[in-house]
Structures are given as C-alpha cells and as structure tokens.
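S.K.: Assemble the whole structure, with the sequences as input and the hints as a guide.
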Amino acid sequence: MKEKRSSFSGSIGFVLAAAGSAVGVGNIWRFPYLCAKDGDGLFLLVYLVLVLTFGFVLLTTDVAIGRKTKKNALKAFEELNPKWKFLGRLTFLVPVLIMTYYSVIGGWITKYLFVYLVSDGIEAAADGYFTSFITSDIAPIVFMLIFLALTAWIVFRGVEKGIEKFSKIIMPGLILLIVIIAVFCLTLTNTAPDGTVRTGMQGLAVYLKPDFHGLTVKRFLEILLDAMSQLFFSLSVSMGIMITYGSYVKNDIDLNKATNQIEIFDTGVAILAGMMIIPAVFVFLGNDGMASGPSLIFITLPNVFNAMAGGRLWGTLFFLFMTFASLSTVIAVFENIISFTMDLKGWDRKKAVLINLVGVLVLSMPCVLGYNVWSGITPLGAGSTILDLEDFIVSNNLLPLGSLVYLLFCTTKLGWGYENFLKETNTGKGMKFPRQIAFYVKYILPLIVLFIFVMGYYTKFFA
Numbered sequence: 022m023k024e025k026r027s028s029f030s031g032s033i034g035f036v037l038a039a040a041g042s043a044v045g046v047g048n049i050w051r052f053p054y055l056c057a058k059d060g061d062g063l064f065l066l067v068y069l070v071l072v073l074t075f076g077f078v079l080l081t082t083d084v085a086i087g088r089k090t091k092k093n094a095l096k097a098f099e100e101l102n103p104k105w106k107f108l109g110r111l112t113f114l115v116p117v118l119i120m121t122y123y124s125v126i127g128g129w130i131t132k133y134l135f136v137y138l139v140s141d142g143i144e145a146a147a148d149g150y151f152t153s154f155i156t157s158d159i160a161p162i163v164f165m166l167i168f169l170a171l172t173a174w175i176v177f178r179g180v181e182k183g184i185e186k187f188s189k190i191i192m193p194g195l196i197l198l199i200v201i202i203a204v205f206c207l208t209l210t211n212t213a214p215d216g217t218v219r220t221g222m223q224g225l226a227v228y229l230k231p232d233f234h235g236l237t238v239k240r241f242l243e244i245l246l247d248a249m250s251q252l253f254f255s256l257s258v259s260m261g262i263m264i265t266y267g268s269y270v271k272n273d274i275d276l277n278k279a280t281n282q283i284e285i286f287d288t289g290v291a292i293l294a295g296m297m298i299i300p301a302v303f304v305f306l307g308n309d310g311m312a313s314g315p316s317l318i319f320i321t322l323p324n325v326f327n328a329m330a331g332g333r334l335w336g337t338l339f340f341l342f343m344t345f346a347s348l349s350t351v352i353a354v355f356e357n358i359i360s361f362t363m364d365l366k367g368w369d370r371k372k373a374v375l376i377n378l379v380g381v382l383v384l385s386m387p388c389v390l391g392y393n394v395w396s397g398i399t400p401l402g403a404g405s406t407i408l409d410l411e412d413f414i415v416s417n418n419l420l421p422l423g424s425l426v427y428l429l430f431c432t433t434k435l436g437w438g439y440e441n442f443l444k445e446t447n448t449g450k451g452m453k454f455p456r457q458i459a460f461y462v463k464y465i466l467p468l469i470v471l472f473i474f475v476m477g478y479y480t481k482f483f484a
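In terms of my numbering, the sequence shown opens at residue 22 and continues consecutively.
It is worth saying that the hints were derived from the structure and are not from the lab.
From the three backbone atoms N, C-alpha and C, an ideal C-beta is built for every residue, glycine too.
Straight line, CA to CA, 35 Å or less: simulated DSBU-like cross-link-like pairs of lysine-lysine: (1) K189 - K371; (2) K91 - K453; (3) K104 - K278; (4) K278 - K91; (5) K481 - K106; (6) K450 - K104; (7) K444 - K106; (8) K372 - K104; (9) K371 - K271; (10) K239 - K58; (11) K104 - K371; (12) K366 - K434; (13) K230 - K463; (14) K106 - K450; (15) K91 - K463.
Listed next, with one range per pair, are the computed distances between beta-carbon atoms: (16) T208 - F233: 27 to 33 Å; (17) Q223 - K450: 46 to 52 Å; (18) I398 - L197: 41 to 47 Å; (19) A213 - K450: 54 to 60 Å.
M.R.: Below, the structure is given as structure tokens:
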C-alpha cells in the first residue's frame, strides 16, 4: 500500500527544514573559501546582489511547483504539463550526483570531529595529515559510512518526526554556535613573526571591504560565476530539493513570507560563516592563509585552532557545527531521492531508504577512491580529481541549465504559465509576489542564466 504523503506541521517547520537544506556544506565550507579566493568583500557584494535580484525568484518557483502538485520534481512537472516530463527526469540526476561527493565531504568532517573529541587536535594540524587521511584505503570509507548511516536514520523517521524534528532542534543550536564562534574570532589578537599585530577586527575589515584594485573584466566574470554557483548550492535551488519540500507545505502557508525567511536565514548564516573563519585565518596566518581554497577548513583552520588558547574546545565546537550543518544538507538531498523512488516505485519509506542507501554508497565510491587507488584519473586535467568532475557537472551544467528551464517552465505558455505561477505563489494571506517584475522574470533572468552558463565554459576551457 502506498504511504500517505507527509507534510510539515506548519510554517516554522518548513522554514527550518528548508533553511537546514540551504545552511550546510555550501555555506560553511564553500562560501568562506570562495570569498577568500575572490577578494572577500567584492565576492560578498556580488553575492548579495545576486541573492536579492535572482535567488528569491528561483527559490519561489521551486517551492510553488511543489506545493501546487504535492509531488516531487519527478512527477510535478508532468502533472502541470505532460510535455515537460523530461525535466523531472533531469532533476533526478542532480541530487544523485550531489550525494556522490557531499557524502564523502561529510565523512571528512565527521573524521575531524572525531579527532577533536578524542584528542587535543594537534595531529589534525600536522603537515600532510589531511592528505594522508583522504589517500588512505579504509578510513575515508568508514567515516563516509558513519555519516550516511546518520543521514539514513533521520530520513527513515519521516518528514515530521525525522527531518522537521531534527531541524527544529539542530538549527537554533547551529545559529547559537556560529554566533558564539564568530564573536570570539573577532576578539582574537596575534603578533606575527615580523612584529606586526593582527586582530580579528582587521580580519573583519578584510572580509567586508570590497577591493577593486586591479579588477579586470575577466576577473569580474570569474567572481560572478563563483557567486552564482554558490547561490545555487546555498539556496538548494534547481536541484528538485525545494520542489520536494514545497510538496510537504500546507496550502495556508504564506509562501512568499516563508521564502523570504529561508533566504534571510541562509544568507545570514553564510555571512556569519565568513565572520567565523576569515578573521581567525587572517589573525594567525595573515593574507597567505586566505589562499588555501577548498582545503581551508581541513588544513588551515586546524592550524588556527592549534594556535588559539583553548583550541581543542573551539575545534570541537566548529566541527560539531560542521557535522550538523553538512547533515542538514545531505538529509535534504537524500530525502529528495527517497521521495522520487517512493512516488515512482510505490515503495514505503523503509524500503526506499535501505535500497537508496546501498545505491548511494556504491555511487560514492569513485569519489572516495579518486584520492587513493584511482588518484591517477584526472578528468579535467592535471591535478583534478573525480570529485572535481562531479562538481563541474553539477555546478557548471545541471544547476544553471536547470534554473533556466525552471524559469521558462514557470513563465511561458509552453510550460505552466506565468499567471498560474502567480496564482499559486499568491494563494492565501500575506506577502504577494510582485506582478510588476514580469518582464524581468520572463526575459532578463533567463538571459542572465544563459550568459553565465556560456561564460562558465569559456573561462574554464578557453580563457
């Protein structure tokens, strides 16, 4: 017998669960290193402009499609317009691919939490520790399994008792932790070997102040592409996730208000994540520490904690925060896959969770092995890994193309249609989606997405 479709108990449950999807690996791992890579304040400025002008519309389209149909992306597009059935199939690929490497990163984070729980964390700051861990044969797989088991257990408990309950408990705790750590980092002071005194407030200025010195068109495009890619990950748009979560939203919920709350919540946490990490890195490592890229939290930050008074405590709190944040993201991605298979196959939740858990484990193996036995595979050129390829497929292809097609579906008569989209979005009391921006939504935004997609390939392979 097919399981009755679940729902969130109310607006708060939906907002916290959806924000939990957004507030995760993308915000805490990806946002700070992209910010440091792209000139801190300048990246932050570009990102905020995109959030205000672009993110709200994309997030609203996802949630509105889900609430209208009460189905996940696999079935939602087909119900609204059978000719767009293909889009549901395409959307299914995104969470599957994301799971193949987010589960691996989640395992890395879990490993570091374990290290700080059982030791003083000094070994985590040793030269080559991170490389030694990810290139070992067994340890990365074991910690990925632990991370996936936690994810599966929460999703197995269902929408209200599992995902919503986890979000209501964890999300306030995450916010408290990030505020405490961020405020503490602003009070840090350190004297460099050359006698220069560096403070957390100086690091905050580096983080917030846009630097336009030497800015070129090419460089600006790179920052724009990074910011747009971050937007997709941060808000979990064009992945089918928010369509699935939207399908659990009751009709009396103020959709526009809830969407605004999710966006504010997500952006606020991203900014706090930068305040938590970048000033601390600046204080102890200077500007050189900013260039560590994706390894920022696994190599640079353990060195920062090692230099702090009470470093073990702060390291433990940070990686506890990271573990919960990454869980909230992967739970949303996995729930999307579970919802797909329950609707498609008619399975109950238990069967869907168990079968998909095995499937995700198998599909994640290439990413894990890409750092050891398959390290010789460099799909995007020298120094690249299988994880880089999977991220490129998602970030540079499926997400921008998905957002473009979502927009066309919601705004053209060939799809769902703009009037139908507005009617669903503005159902009930409260905020209304502004009808006056129709030209911008129908024509300007799709052109922006198409431009970003093309330029992504140009800067990657030809510039």
